[in-house]
Structure formats: structure tokens, C-alpha cells
Amino acid sequence: MPKVGMQPIRRKQLIEATAAVIHQYGYANTTVAKISKIAGVSTGIIHHYFDGKNDLLAETMRQLMRQLTDGIYSDWSRANSPRERIAAIIDGNFSAEQFAPEVVTCWLAFWAETPHDAALQRLSGIRGARMRSNLLHNFREMLPANEAQDAALLLASLIDGLWINCALASPTSDATTARRLAHQTLARLLHEDS
176 MPKVGMQPIR
186 RKQLIEATAA
196 VIHQYGYANT
206 TVAKISKIAG
216 VSTGIIHHYF
226 DGKNDLLAET
236 MRQLMRQLTD
246 GIYSDWSRAN
256 SPRERIAAII
266 DGNFSAEQFA
276 PEVVTCWLAF
286 WAETPHDAAL
296 QRLSGIRGAR
306 MRSNLLHNFR
316 EMLPANEAQD
326 AALLLASLID
336 GLWINCALAS
346 PTSDATTARR
356 LAHQTLARLL
366 HEDS
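Just so we're aligned, residue 176 is where the sequence shown starts under our numbering, counting upward by one.
Incorrect hints may have been included.
FRET-style restraints, in silico, Cβ to Cβ [claimed, not checked]: (1) H358 x P290: 29 to 35 angstroms; (2) Q199 x D325: 38 to 44 angstroms; (3) E367 x G300: 43 to 49 angstroms.
These aren't lab readings, by the way, just hints derived from the structure by calculation. These figures come from a predicted structure and were not determined experimentally. Backbone N, C-alpha and C define an ideal beta-carbon position, used for all residues, glycine too.
Produce the complete structure using the sequences and hints provided.
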């Protein structure tokens, strides 16, 4: 019987091992056996804490989403204006943590698998809707309603597109150029360069 309080520690260990396996072997070649080997536990432990491989993979994506959200909100909490909150969204998506090689590999693997997995579709939808909603809320404080809607969609799409482009070009990139382009686009959307 597991020790009391062990569940969060063990789950974190298994999620980290899953990310390592995805990075090393790819999504399609990720198996419970490989995860358990890297985690240094039996396959039975994985089944004790998760409802199989797909549940563990979905929880790994949720963990990546939490890390992204935590990074954004740490800057967001210090923001004093809607513009600064949007800047926090940009900076959080292009942070060094989001461009760690293992994180990049996992995000790309999850996005590629999303059309084929209902749980990943749902999580990807949540992530995208949250970003667009946060952007829209802040743009509405600075732009007319129709412009705010378009600006939120454009900036969300730009962030995702730049992120993917940067990640595929160089997984160890610091994303400085992508971040700069996103900030320049924000300034244009707010008519700051006119």
C-alpha cells in the first residue's frame, strides 16, 4: 500500500518520465514500459495512479498547460494595464521554459496527435479558448468591439504560428525574434506606430 501523501509525488514523477519518453522516443513510440523504466517503477504503479497510457499522456498535456498558465500569470499579476496583461501572454508563450527541448517536443507531439485523440482535442480547445478569451477581454478595454475580436484572433493565431515556426526551426531557440514580432504586432493592433 502506498504511503500517505505519496500520490502527488508519484504522479509528478510519472508525468516527468512521460515527457522524457516523448522527447526521447516520440509520441507514437511512448509506452508504459518505457515510462516505468525511466521513472524507475513497475508498470503496475502507473496503472495504480492513472487509467492507462492515454490518461497519463493527457495528464502530461494538462501539466504543460499548467506550467504555461503559471508562467503567464506570474507576469500578469504584476501588470497594471490591459496592454501589460497582453504582453504577459506573449512573454509567457515565448519564455525560456516553454522552449526547453523536452517541452517543445511534447507540445509538438500533442498538437500533432490532437486530431486523433478526443482528450487531447478537448485540452487543446481549452488552451486555445482561454488564450483568445484573455486576449479579447483585454483588447476590449482598448479597442472598439469589432476591432477587439479581430485583434484577439489575429494575435492568438500569430502566437501559435510563431511558436510552431520557431520550435521547428530550432528546438533550443530562445524565441527572441518570435517574441519581438508578436510585440510589434501588438503595437500595430493598438495603432501605437501610427
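Hint-by-hint comparison with the structure:
no.: 1; hint: H358 x P290: 29 to 35 angstroms; in the structure: holds (31 angstroms)
no.: 2; hint: Q199 x D325: 38 to 44 angstroms; in the structure: holds (41 angstroms)
no.: 3; hint: E367 x G300: 43 to 49 angstroms; in the structure: violated (32 angstroms)
Comparing the model with each earlier hint shows a violation of hint 3 alone; every other hint is respected.
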